[in-house]
Structure formats: structure tokens, C-alpha cells
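S.K.: Sequence:
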Amino acid sequence: LLYALLHLSGFEDVSMEEVKNFRQWGSKTPGHPEFGHTAGVDATTGPLGQGISTATGFAQAERFLAAKYNREGFNIFDHYTYVICGDGDLMEGVSSEAASYAGLQKLDK
94 LLYALLHLSG FEDVSMEEVK NFRQWGSKTP GHPEFGHTAG VDATTGPLGQ
144 GISTATGFAQ AERFLAAKYN REGFNIFDHY TYVICGDGDL MEGVSSEAAS
194 YAGLQKLDK
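For the sequence shown, position 85 matches number 178 in this note's numbering, and the numbering has no gaps at all.
Everything labelled a hint here was simulated from the structure, so no lab data went into it. A couple of the hints might just be wrong.
[As the list claims (entries may be wrong)] Below, simulated DMTMM-like cross-link-like pairs (lysine to aspartate or glutamate); rule was C-alpha separation at most 20 Å, straight line:
no.	residue 1	residue 2
1	Lys161	Asp201
2	Lys202	Glu165
3	Lys202	Glu155
4	Lys161	Asp180
5	Lys199	Glu155
6	Lys161	Asp171
7	Lys113	Glu127
8	Lys199	Asp180
9	Lys202	Asp135
10	Lys202	Asp171
[As the list claims (entries may be wrong)] Simulated restraints, written as ranges between beta carbons of each label pair:
no.	residue 1	residue 2	range
11	Arg164	Ala132	29 to 35 Å
12	Ser108	Lys202	27 to 33 Å
13	Ser108	Tyr173	25 to 31 Å
14	Asp201	Glu105	29 to 35 Å
15	Asn114	Ala160	38 to 44 Å
16	Ser108	Tyr175	30 to 36 Å
17	His130	Val187	20 to 26 Å
18	Leu101	Gly196	28 to 34 Å
19	Asn168	Gln198	30 to 36 Å
Cβ coordinates follow ideal geometry from the N, Cα and C atoms, glycine included.
Generate coordinates for the entire structure from the input sequences, incorporating the hints supplied.
M.R.: In C-alpha cells:
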């Protein structure tokens with residue numbers, strides 16, 4: 094799903110040919126996305142549930158940076174954080190902890 098969305102969003106690294114080469118040796122679309130390997134992939138994934146924790150950290154960082162650097166009329170940091178996860182991710186304890194933390198901190202972006 095990630096690579097299809099990147100392709101449809103216009104990322105040149107992720108051509109239809111690369112989407113068809115999903116999980117093939119040497120392709121830009123590995124089974125576990127890697128930061129720095131494919132444009133649009135902001136974090137390397139690994140263990141199940143890790144992506145949810147990473148997204149929570151990204152949202153917390155955006156809030157911190159916005160509070161520090163944004164000024165009236167100059168919203169430098171003003172973005173939303175999205176995560177794609179599956180049922181396996183949600184069965185891991187780390188994802189529950191990350192979701193609980195996000196709710197406690199009221200991370201709404």
C-alpha cells in the first residue's frame with residue numbers, strides 16, 4: 094500500500110515498474126521500507142509495531158518544533174503524521190503503549 098500511495102502521489106522513485114518489482118532484489122520497493130533507499134519513506138521499519146511508535150515520535154517532534162519556531166503568519170512546522178499498520182502491528186505491546194502515549198499527550202496531528 095505504501096508504494097502504491099507514493100506512486101500515485103507522484104514520487105518519481107516509485108514508478109509502476111518499481112511497484113511491480115515489490116520485494117525483488119535491487120528494487121526500490123523492499124518488503125521492509127528503508128529510509129534513504131526510496132523517496133517518500135521517512136523511517137526504516139523492522140519489528141512489528143515499531144512504525145506506530147515512530148509515528149508517535151514524529152508527531153511529538155512536530156509539536157515541539159512548531160512551538161519553538163512557528164510565529165504568527167510563519168507556520169514552518171505545520172504537517173500531519175500518518176502511519177500505515179496492520180493487525181500484526183496492533184497485536185504488539187509497543188503499539189498499545191505508543192497509542193496510549195499519543196492519547197495522553199493529545200497528539201492530534
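S.K.: So, for every hint listed, does it hold in this structure?
M.R.: So, going through the hints one by one against the coordinates:
no. : hint                        : in the structure
1   : Lys161 / Asp201             : holds (18 Å)
2   : Lys202 / Glu165             : holds (19 Å)
3   : Lys202 / Glu155             : holds (8 Å)
4   : Lys161 / Asp180             : violated (36 Å)
5   : Lys199 / Glu155             : holds (13 Å)
6   : Lys161 / Asp171             : holds (12 Å)
7   : Lys113 / Glu127             : holds (18 Å)
8   : Lys199 / Asp180             : violated (23 Å)
9   : Lys202 / Asp135             : holds (16 Å)
10  : Lys202 / Asp171             : holds (9 Å)
11  : Arg164 / Ala132: 29 to 35 Å : holds (30 Å)
12  : Ser108 / Lys202: 27 to 33 Å : holds (31 Å)
13  : Ser108 / Tyr173: 25 to 31 Å : holds (26 Å)
14  : Asp201 / Glu105: 29 to 35 Å : holds (32 Å)
15  : Asn114 / Ala160: 38 to 44 Å : holds (42 Å)
16  : Ser108 / Tyr175: 30 to 36 Å : violated (22 Å)
17  : His130 / Val187: 20 to 26 Å : holds (23 Å)
18  : Leu101 / Gly196: 28 to 34 Å : holds (31 Å)
19  : Asn168 / Gln198: 30 to 36 Å : violated (20 Å)
Checked against the numbered hints above, the structure violates hints 4, 8, 16, 19; every other hint is satisfied.
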